[in-house]
Amino acid sequence: MTGFDRFLATFFNGEVIVRYLPSILQGVWVTIACSLLIVVFGVAAGVLLACVRAYRIAPLNVAIVVFADMMRALPPLVLILMVYFGLPNVGIMLSSFLVLFVILGLVLAAFTEEIVWAGLTAVDKGQWEAARSTGIGFTGTLLQVILPQALRMVIPPLTNRAIAITKMTALGTVIGVPDILNQATTAQSFSGNASPLTIAAIAYVILFLPLVVMSRWLEERFVRHRR
Amino acid sequence: MDQLLDQFFNLEIMAAAWPTILRGLGMTLLLCLLVIPLGVIGGLAAALTSLSPRRWVRWPAIALVDLFRAIPPLVLLIFVYAGLPFAGIRMSPFVAVAIAFMLNNSAYYGEVLRAGILSVPRGQAEAARSTGMTHAQTMRAVVLPQGVRNVLPDLISNTVEVVKLTSLASVVSLGEMLHAANLARSVTYNASPITMAALVYLILLWPAVRLVSRWQRRIAV
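Just so you know, the protein sequences line up as chains W and B, in that order. Note that the numbering used here numbers the first sequence so that position 62 is 62, with each residue one more than the last. Note that the numbering used here numbers the second sequence so that position 50 is 50, with each residue one more than the last.
Extracted from the complex, chain B is given alone in its bound form (with noise of 0.2 Å):
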């Protein structure tokens, strides 16, 4: 049990990991500032394209939303990192984890605010057209807001995985949180530097996983 609390919470090794692991924290913190909004846009230009009425449109865009939800999201990150640069075309860890993940987060938010729009009954679109609204102002006016509210806690659970998914870029040696913790943890042989890391991403995401749950429960299935 000692070598158990030593090996995973030593208080003495998480205090002097602490500034490194602070400073993973902001670039986690900056991270998801950047790939949550890039996700969203690109989520909405994904649900906005897969239920065009034009079939050259809606298809290819499917398609792709599907192509990236089959691509595990490392694979793709190590893609873009490992594999492009032989191509000639060299980029910083950031930029190839903020293309990675805008590529399969879009593809992820794109089938939420798919359903949210689906979810909105045709006879509001009609009505709104129907005052001479057009297609774009009834989507932005009245069928996007209505359908966001329907999927929020999808879209809640979706932001959940998003800033989850940041602790990969840690493979591509991008110093965020579990990067640094993980540095930390080569460094002391002891894993509490990990363990704390942990207890951040819970202190961080623990509140929204709660709030979805309770919501869920009261929406039901």
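This is chain W alone, in the form it adopts within the complex (with noise of 0.2 Å):
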């Protein structure tokens, strides 16, 4: 056998891929639910978020900044952790599904809103005033006029994070979450070969490289616009 053969043989086995692949694909299915669920979730709540702090009342502007910052400087593997492990002993049993949904969308909710927040601020003041003087209303101004615009302007950000942290889906493995990287390394185990884990990584790639090349493809757009 060449070396070559051999490497074939480790990392790119027919055989074992066509075992494993059905398994593989299921993780896929399980890795794009979760994505889906957490960016609709996360996204959603991190503009309500940063909605609610243009309204400057105080206490609850500190409670949004102090959950933005805490999850922003927190691993994720660590908040997974904690809340896996540590919820069923005070009674709440969480499937591990469902704790990674709810740690990944808050992470991303708490990263859309300081992005929005940032968006928001940064629309001129005489849009403000150009709308409250019509007669719109505080509201009114807020999400017909201001957020429109900011959203545009933070797409490009925006779009580079939510991939980031859907990307982090595959942390589930370590909770058991049955993704596509749970299904590569327990396929890997039980043949003890490397393919499953190759596919693993193609698979990803697959998912996640369009996004990226998107991303990508929006910042230029953004920056040359802005030029």
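Source of the hints: derived by calculation from the structure; they are not laboratory data. Check each hint, because a few of them may be wrong.
Claimed, not checked - Just the calculated beta-carbon pair ranges, DEER-fashion:
1) B:A16 x W:G126: 55 to 61 Å
2) W:P210 x B:L152: 39 to 45 Å
3) W:V62 x B:I156: 22 to 28 Å
4) B:W56 x W:V90: 56 to 62 Å
5) W:A130 x B:A136: 47 to 53 Å
6) W:P148 x B:L152: 29 to 35 Å
7) W:L98 x B:L29: 30 to 36 Å
8) W:R6 x B:A115: 39 to 45 Å
9) W:R6 x B:V57: 30 to 36 Å
All of these numbers come straight from a predicted model, not from anything done at the bench. We treat Cβ as the ideally placed atom computed from N, Cα and C, and that holds for glycine.
Quick one: dock chain against chain with the hints and give me the complex.
Rendered as structure tokens:
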């Protein structure tokens, strides 16, 4: 066997791939489902928090800032392990999928809040004044005039962040979520072959590379637009 | 409520776990000292090659950066740590973590530095070149200092992400802080050691997170 044959047999073993592809595909669906839930919940909650913050109600703002800071300063894996292993001992049983979704959803909400808030404050003050002077109320101005402009501005950083956080669904493996990585490591230990890990890596590239390329395109368009 | 406090803020267990967590913190800091410079150096290489005027340098560089931004760091880490031994390449968890994170971090630092270099007006480089400076001298003395200053908030928040990332090393049994805390958790059946590790992460990273937020507000998007 030549070195190249051995390389193929180790990382691209057809037999192993055929045997474990179905379980890895199941993992793909779990990863996609969890990612979509995280993005929908995280972005919605983050935008909502940023809008609430615009009303500048002091105690609420302190709570939002503390929440956003903590979620951004703590490693997600720390939160996942703390919740997954701590809550059952106080009588709250959550599935590993739910823990993963809730934690990463909250982390994305925190980052989204910060990004959207930066966008809201970057909209020119004149926009506020003009809208209010036509008789539109505060909420109307915020939702119909300011927020749309802010969201357009923050699409590139928000996309980048959403990709980075949905990629973290791989952390679910540690608490037993049957995602791509989990299926692959299980298959790898059963088969004694590294091919399932290669397939997992390829699956992630197929899922996320188009998004990464899209975010690069968005960013470049945005930068050119600004110049 | 008592039950919650006992499960997440048990002072007795925290005190008992503290020496273990402190040792883990030492490893976390050591990892940071290794992984951050490696990532910045790799990122600089990625930024410079992805801005090369030569197509055959630029395109592969961009492709590699995007590839490593598409693969979750944990997948990369497990591939390096558990996959490569099948090809006869064995390494300690520490080396596996260093390699996997270097690849991942270089891609992200690369993107930040690339944006920084692009933010410097072209005239700066042209002016420097016209004084007789070489391309390398121009980069080092004129473009990079300004570019880095322009993206300093992004560099800091990326570094925060890198520090947070070191917690993944616990998955390959490298005894950093989360690994130590989780070990204490599994022995005591109590989550307080992890709460404690979380507090240490907060003390380390909260100031940086706050600083960047205030900074970005001033600059605005």
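We went through each hint and held it up to the structure:
1. Checked against the hint of 55 to 61 Å, the C-beta distance between B:A16 and W:G126 comes to roughly 60 Å, which is consistent with it.
2. Remark: the range hint 39 to 45 Å for W:P210 to B:L152 is contradicted by a beta-carbon distance near 31 Å.
3. Restraint check, W:V62 to B:I156: a C-beta distance of roughly 23 Å satisfies the suggested window 22 to 28 Å.
4. Roughly 59 Å separates the CB atoms of B:W56 and W:V90, a value that falls within the hinted 56 to 62 Å.
5. Restraint check, W:A130 to B:A136: a C-beta distance of roughly 50 Å satisfies the suggested window 47 to 53 Å.
6. In this structure, W:P148 and B:L152 meet the distance hint of 29 to 35 Å, their C-beta atoms being roughly 30 Å apart.
7. At about 34 Å, the beta-carbon gap between W:L98 and B:L29 stays in the expected band of 30 to 36 Å.
8. Hint check: W:R6 to B:A115, Cβ distance near 42 Å, so the stated range 39 to 45 Å holds.
9. A hinted range of 30 to 36 Å holds for the C-beta pair W:R6 and B:V57, which are about 32 Å apart.
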